[in-house]
Amino acid sequence: MLEYIILGFLYQNSLTGYDIKKCIDQGVGMFYRVSYGSLYPLLDRLRNKELVTCSSEIKGKRETKKYEITDKGQQVFMQWLTEEEYENSSIEAFMARVYFFDLLTEATAFAIIQRYEAKLKVYLQELLKKKEKYEEAGRQRYYYKVSTLYFGICKIQSILDWCSVTKQKEDLNTLMKVERED
1 MLEYIILGFL YQNSLTGYDI KKCIDQGVGM FYRVSYGSLY PLLDRLRNKE
51 LVTCSSEIKG KRETKKYEIT DKGQQVFMQW LTEEEYENSS IEAFMARVYF
101 FDLLTEATAF AIIQRYEAKL KVYLQELLKK KEKYEEAGRQ RYYYKVSTLY
151 FGICKIQSIL DWCSVTKQKE DLNTLMKVER ED
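Sequential numbering of the sequence shown, starting at 1, is according to the numbering used here.
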């Protein structure tokens, strides 16, 4: 996953390893973390696959390496961004993709979110059926199992709410101000 995220940041600009880590931390850091110890081997792998190139500059006494995405890297990234495999991925993996949806057409981004939303609605129905089974068996006996089920239902419902807001292109700044005031 991090290889694709790196490609996404390089899709927009050529960057140093330091800059890439900073972009990850500030961009998708709530979903994925990367250390310098894992970043540079990932960059080497991307170079070996010919998805990025690296050029060196001497600044003062230091050598700075700048990474740039290749045409092949752009194709691989866009394929990952739009493929339907996301349907079986975690919400974190899906959100990492969404972070880069500004690179897609509105219609493509909307369609992907709509498909994800449909999948979540089916999953929510499965969770609600499980809830009914626990209710029949007596909640107190399975309190903590039911509490994790409740967490899952709340999480899926909040993601469905996000899908609705995002598809409608609501003013997110206004929404976030309202939520902070509560």
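FYI, nobody ran anything at the bench for these hints, they're computed from the structure.
Take these hints with a grain of salt, some might be off.
Said to hold, decoys possible - Calculated lysine-lysine pairs in the DSS-like style (CA-CA distance at most 25 Å, straight line): (1) Lys72 - Lys59; (2) Lys133 - Lys119; (3) Lys145 - Lys119.
Consistency of the hints with the structure:
The hinted pair formed by Lys72 and Lys59 fails the criterion: a straight-line CA distance of about 29 Å is larger than 25 Å. Distance check on the hinted pair: Lys133 and Lys119 sit about 22 Å apart at the alpha-carbon level, within 25 Å; holds. With a C-alpha separation of about 23 Å, the suggested pair Lys145 and Lys119 falls inside the 25 Å cut-off, and the hint holds.
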